[in-house]
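Asker: Sequences listed follow chains B and R, in order. Counting in our numbering, the first sequence runs from 32 upward without gaps. Counting in our numbering, the second sequence runs from 218 upward without gaps.
Simulated from the structure, these hints should not be mistaken for lab results. Note that the structure is predicted; figures quoted are calculated from it, not measured. Heads up, a few of these hints could be off.
[Said to hold, decoys possible] Here's a subset of chain B near chain R, in silico, CB distances under 8 Å, partners left out: (1) G154; (2) A159; (3) Q163.
[What the hints assert, rightly or not] Listed next, the in silico BS3-like pairs over lysine-lysine satisfying Cα-Cα at most 27 Å (straight line): (4) K51/B / K408/R; (5) K525/R / K493/R; (6) K366/R / K40/B; (7) K105/B / K51/B; (8) K561/R / K51/B; (9) K291/R / K47/B; (10) K225/R / K45/B; (11) K361/R / K47/B; (12) K45/B / K353/R; (13) K225/R / K353/R; (14) K264/R / K252/R; (15) K509/R / K634/R; (16) K353/R / K47/B; (17) K366/R / K51/B; (18) K353/R / K51/B; (19) K366/R / K353/R; (20) K45/B / K366/R; (21) K561/R / K100/B; (22) K183/B / K131/B; (23) K493/R / K264/R; (24) K577/R / K636/R; (25) K574/R / K135/B; (26) K408/R / K561/R; (27) K353/R / K38/B; (28) K361/R / K234/R; (29) K577/R / K135/B; (30) K265/R / K225/R; (31) K40/B / K361/R; (32) K252/R / K265/R; (33) K51/B / K291/R; (34) K525/R / K597/R; (35) K183/B / K105/B; (36) K40/B / K353/R; (37) K47/B / K240/R; (38) K353/R / K240/R.
Built from N, CA and C at the ideal position, the CB exists for glycine as well.
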Amino acid sequence: MLSDSAKEKLAELKGKYPTKEASILPALHVVFEDCGYLSVDQMDEAADIIGVSRLDINETATFYTLFPKEKVGKYLIQVCDNLSCSLMGADSLVEYLQEKLDIKVGETTPDGLFTLWTVECLGSCGTAPMMQVNDRYYERLTRAKVDELIEKWRNTK
Amino acid sequence: MAEKILFKYIDYPDQHKIDVYMKNGGYTALSKALKEFKPEELVEMVKKTNLRGRGGAGFPAGVKWSFLPKGINKPTYLIINADESEPGTFKDRQLMEYDPHQMIEGTIITSYAINCHTAFVYIRGEFTYCAEQTEKAINEAREKGFIGKNILGSGFDLDIHIFRGGGAYICGEETSLMESIEGWRAMSRQKPPFPAVEGLWGCPTIINNVETISNIPHIVNNGADWFASIGTEKSTGTKIYCLSGHINRPGNYELEMGVTLRELIYEYGGGIIDDKPLKAVIPGGSSVPILKADEIDINMDFESLAEKGSMLGSAGVIVMHDGACMVAALQKLTKFYEHESCGKCSPCREGTNWMDKILKRMLNGEGKPEDVDLLFDVAKNIMGNTVCPLGDAAAMPVMSFIEKFRDEFENLCNGGKPKGTIKFPFR
Ligand SMILES: Cc1cc2nc3c(=O)[nH]c(=O)nc-3n(C[C@H](O)[C@H](O)[C@H](O)COP(=O)(O)O)c2cc1C
Ligand code: SF4
Ligand code: FES
Numbered sequence: 032m033l034s035d036s037a038k039e040k041l042a043e044l045k046g047k048y049p050t051k052e053a054s055i056l057p058a059l060h061v062v063f064e065d066c067g068y069l070s071v072d073q074m075d076e077a078a079d080i081i082g083v084s085r086l087d088i089n090e091t092a093t094f095y096t097l098f099p100k101e102k103v104g105k106y107l108i109q110v111c112d113n114l115s116c117s118l119m120g121a122d123s124l125v126e127y128l129q130e131k132l133d134i135k136v137g138e139t140t141p142d143g144l145f146t147l148w149t150v151e152c153l154g155s156c157g158t159a160p161m162m163q164v165n166d167r168y169y170e171r172l173t174r175a176k177v178d179e180l181i182e183k184w185r186n187t188k
Numbered sequence: 218m219a220e221k222i223l224f225k226y227i228d229y230p231d232q233h234k235i236d237v238y239m240k241n242g243g244y245t246a247l248s249k250a251l252k253e254f255k256p257e258e259l260v261e262m263v264k265k266t267n268l269r270g271r272g273g274a275g276f277p278a279g280v281k282w283s284f285l286p287k288g289i290n291k292p293t294y295l296i297i298n299a300d301e302s303e304p305g306t307f308k309d310r311q312l313m314e315y316d317p318h319q320m321i322e323g324t325i326i327t328s329y330a331i332n333c334h335t336a337f338v339y340i341r342g343e344f345t346y347c348a349e350q351t352e353k354a355i356n357e358a359r360e361k362g363f364i365g366k367n368i369l370g371s372g373f374d375l376d377i378h379i380f381r382g383g384g385a386y387i388c389g390e391e392t393s394l395m396e397s398i399e400g401w402r403a404m405s406r407q408k409p410p411f412p413a414v415e416g417l418w419g420c421p422t423i424i425n426n427v428e429t430i431s432n433i434p435h436i437v438n439n440g441a442d443w444f445a446s447i448g449t450e451k452s453t454g455t456k457i458y459c460l461s462g463h464i465n466r467p468g469n470y471e472l473e474m475g476v477t478l479r480e481l482i483y484e485y486g487g488g489i490i491d492d493k494p495l496k497a498v499i500p501g502g503s504s505v506p507i508l509k510a511d512e513i514d515i516n517m518d519f520e521s522l523a524e525k526g527s528m529l530g531s532a533g534v535i536v537m538h539d540g541a542c543m544v545a546a547l548q549k550l551t552k553f554y555e556h557e558s559c560g561k562c563s564p565c566r567e568g569t570n571w572m573d574k575i576l577k578r579m580l581n582g583e584g585k586p587e588d589v590d591l592l593f594d595v596a597k598n599i600m601g602n603t604v605c606p607l608g609d610a611a612a613m614p615v616m617s618f619i620e621k622f623r624d625e626f627e628n629l630c631n632g633g634k635p636k637g638t639i640k641f642p643f644r
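Modelling step: build the complete structure from the supplied sequences, incorporating the hints.
Answerer: If you want it as structure tokens, here you go:
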């Protein structure tokens, strides 16, 4: 179920663009912000509010990798492992996170707190290595910095 | 070095706020443009500067604007391309996070010049903070009457929408971007028709990069001749070069077009980390052909790089020292294109997959001697045979890495150990 504020935001998208379908991608952002991922039920609900077909919203959603299609941890850790970050040690950062969280890339910790992904270049190559956690960037990472961050998140469950 | 233009106030405290932006001369160009110029005169002015697109292809902005059909009964749209996803590129994000009004002022002036009343800023989905900064700035500009109805009493109306992407590199390609705004899976369209004739919802549409558009207020303030006098004869103005990789001072550097790659690396970038020998440089974002260490006495402008068989692209300069294994480095790029191919045409969809497979096989020590030629062949067959330029973008690095570092590929395929000391596991 979508929250009331999400439903309101979706309703506001109506009539904003020349076609109804143009509000599909903005609607996906609203659902993602509300739920942290996109489920078929939530997308159906959104489709009905903005007045597009359920099939269309689903088809579009599956094209975009920004939105997880299944529930992820409270902190979605996405480490860039494209070239510039790799040159600066992205891979050992990934290894360190795997050890520290005791999960492999693609997995979620049993307490549901952390999910670890590797992703493509995030447009932050000058401050490599870096990662995105939920919607924020953490740059020029070192093991000490990672320790500090993970500690902080563990304590603010 | 000429003065900085786009980054002049990038470090100025609170430059993202409209009052500070205006104190530093912001929005004077807008009122000048609306009061002193007819739209066609602005198009002519930008044509005269020879300002070339900063998004990768380098097409002259004024010429593109003049392709818009005249006297038709359809709206014209302007889209600012802030999808910034080319590996090695991170300039537009900085421009928008720290000085968003510069881009917005450019957007308003451009809209006036091309008779557009609805503009979109298409921002890469991951750039949340950037989108927040831009949205705040658009709201501030609206409150001051720079966006909306009858702007500054000129009778000109404009609305600007922020549109956020969904994490797909292909959405930076202009036809995919339009599919994305229209709400569909972002698969590239065949060209022609070109967007200027038939773009968003079938209407004439101009798409320009953030950096391109950020130049417009300065051109209006200082004139076409001023702009044309900066840089080289054919590559005018400044360029924001993004330095990353094995470099002591990575970051964005706004410099006059034509600065040499050597100066960029050793003077501005402070040289190679740990004083190691330079091995290779990708000069224009991941898609462009690589240069060897002995090719860096080259001017960083559109023509000079093209002459040497590479490209300025998005000016994402990725520097590698001798610890980097070229095969592993290439695989990092190839898996990217494999992941980002929209899947519409088979040379790209299948070819990127095959290239990635062959590279992984080589790195696993399972490469066969004939694999080097096979890999090159797959790339060559993608080149020029796809709907959109992503196919070429995937093929060019492969062909150039093999041409310039063939020994490393052959070595691996003949049972040798990878060169380089950097850990490079691959997925
Ligand atoms: C696969 C692909 C990705 C692209 N990504 C971007 C991008 O992220 N930002 C951008 O401005 N241009 C990008 N471009 C270039 C655009 O298609 C287009 O040429 C450009 O936005 C036009 O603006 P300009 O003339 O001001 O450079 C990309 C092109 C291709 C083929
Ligand atoms: S070249 Fe690749 S990205 Fe472009 S249309 Fe073909 S499959 Fe899609
Ligand atoms: S390569 Fe990691 S942010 Fe660009």
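Asker: Taking the hints in turn, state whether each one holds.
Answerer: These are the hints, each one checked on the structure:
1. A least Cβ separation of about 5 Å between G154/B and chain R falls short of the 8 Å threshold, and the interface hint therefore holds.
2. Interface restraint check: A159/B against chain R, minimum CB-CB distance 6 Å, threshold 8 Å, status holds.
3. For Q163/B, the interface hint holds, since its Cβ comes within 8 Å of a Cβ in chain R; the closest pair sits about 6 Å apart.
4. A hinted pair counts as satisfied when its Cα atoms are at most 27 Å apart, and K51/B with K408/R qualifies at roughly 25 Å.
5. The straight-line distance between the Cα atoms of K525/R and K493/R is roughly 25 Å, inside the 27 Å bound, and the hint therefore holds.
6. Pair hint K366/R plus K40/B holds up; C-alpha atoms about 24 Å apart against a cutoff of 27 Å.
7. Between K105/B and K51/B, the direct Cα distance comes to roughly 32 Å. Violation of the 27 Å bound is thereby established for this hinted pair.
8. A C-alpha spacing of about 25 Å is found between K561/R and K51/B, which places the hinted pair at or below 27 Å, so the restraint holds.
9. Of the supplied pair hints, the one linking K291/R and K47/B holds, its CA atoms being roughly 18 Å apart against a limit of 27 Å.
10. Proposed proximity of K225/R and K45/B is contradicted: the alpha carbons are some 40 Å apart, above 27 Å.
11. Straight-line distance between C-alpha atoms of K361/R and K47/B comes to about 22 Å, which keeps the hinted pair within the 27 Å bound.
12. For the hint pairing K45/B with K353/R, the CA-to-CA distance comes to about 22 Å; that is within 27 Å, so the pair holds.
13. Distance restraint check for K225/R and K353/R: the Cα-Cα separation of roughly 21 Å lies within the 27 Å cut-off, and the hinted pair is therefore satisfied.
14. Between K264/R and K252/R the alpha-carbon distance is near 20 Å, which keeps this suggested pair within the 27 Å criterion.
15. With a C-alpha separation of about 21 Å, the suggested pair K509/R and K634/R falls inside the 27 Å cut-off, and the hint holds.
16. A threshold of 27 Å between alpha carbons decides the hint, and for K353/R with K47/B the separation of about 19 Å falls inside it, so the pair holds.
17. With a CA separation close to 24 Å, the supplied pair K366/R and K51/B stays within the 27 Å bound.
18. A hinted pair counts as satisfied when its Cα atoms are at most 27 Å apart, and K353/R with K51/B qualifies at roughly 25 Å.
19. Between K366/R and K353/R the alpha-carbon distance is near 19 Å, which keeps this suggested pair within the 27 Å criterion.
20. The suggested pairing of K45/B with K366/R holds, with an alpha-carbon distance near 21 Å, which does not exceed 27 Å.
21. Of the supplied pair hints, the one linking K561/R and K100/B holds, its CA atoms being roughly 23 Å apart against a limit of 27 Å.
22. The straight-line distance between the Cα atoms of K183/B and K131/B is roughly 14 Å, inside the 27 Å bound, and the hint therefore holds.
23. At roughly 44 Å between alpha-carbon atoms, K493/R and K264/R are farther apart than 27 Å, so this suggested pair is violated.
24. Restraint check: the Cα-Cα separation between K577/R and K636/R comes to about 15 Å, which is no more than 27 Å; the hinted pair holds.
25. For the given pair, K574/R sits about 22 Å from K135/B by alpha-carbon distance, which is consistent with the 27 Å threshold.
26. Proposed proximity of K408/R and K561/R is supported: the alpha carbons are some 14 Å apart, at most 27 Å.
27. Of the pairs offered as hints, the one joining K353/R and K38/B holds, with about 23 Å between alpha carbons and a cut-off of 27 Å not exceeded.
28. With a C-alpha separation of about 12 Å, the suggested pair K361/R and K234/R falls inside the 27 Å cut-off, and the hint holds.
29. Under the criterion of a C-alpha separation no larger than 27 Å, the hint pairing K577/R with K135/B is consistent with the structure, at around 20 Å.
30. Annotation: proposed proximity of K265/R to K225/R holds, straight-line Cα distance about 23 Å (limit 27 Å).
31. Between K40/B and K361/R the alpha-carbon distance is near 25 Å, which keeps this suggested pair within the 27 Å criterion.
32. Proximity of K252/R to K265/R is assessed by CA-CA distance (about 20 Å); at most 27 Å being required, the pair is judged to hold.
33. Distance hint between K51/B and K291/R is fulfilled; the C-alpha atoms sit about 19 Å from each other, no more than 27 Å.
34. As the CA atoms of K525/R and K597/R are separated by approximately 19 Å, the hinted pair is consistent with the 27 Å bound.
35. Under the criterion of a C-alpha separation no larger than 27 Å, the hint pairing K183/B with K105/B is consistent with the structure, at around 13 Å.
36. Between K40/B and K353/R, the direct Cα distance comes to roughly 18 Å. Compliance with the 27 Å bound is thereby established for this hinted pair.
37. Proximity of K47/B to K240/R is assessed by CA-CA distance (about 34 Å); at most 27 Å being required, the pair is judged violated.
38. As the CA atoms of K353/R and K240/R are separated by approximately 18 Å, the hinted pair is consistent with the 27 Å bound.
Consistency with the previously given hints fails for numbers 7, 10, 23, 37, ordered from lowest to highest.
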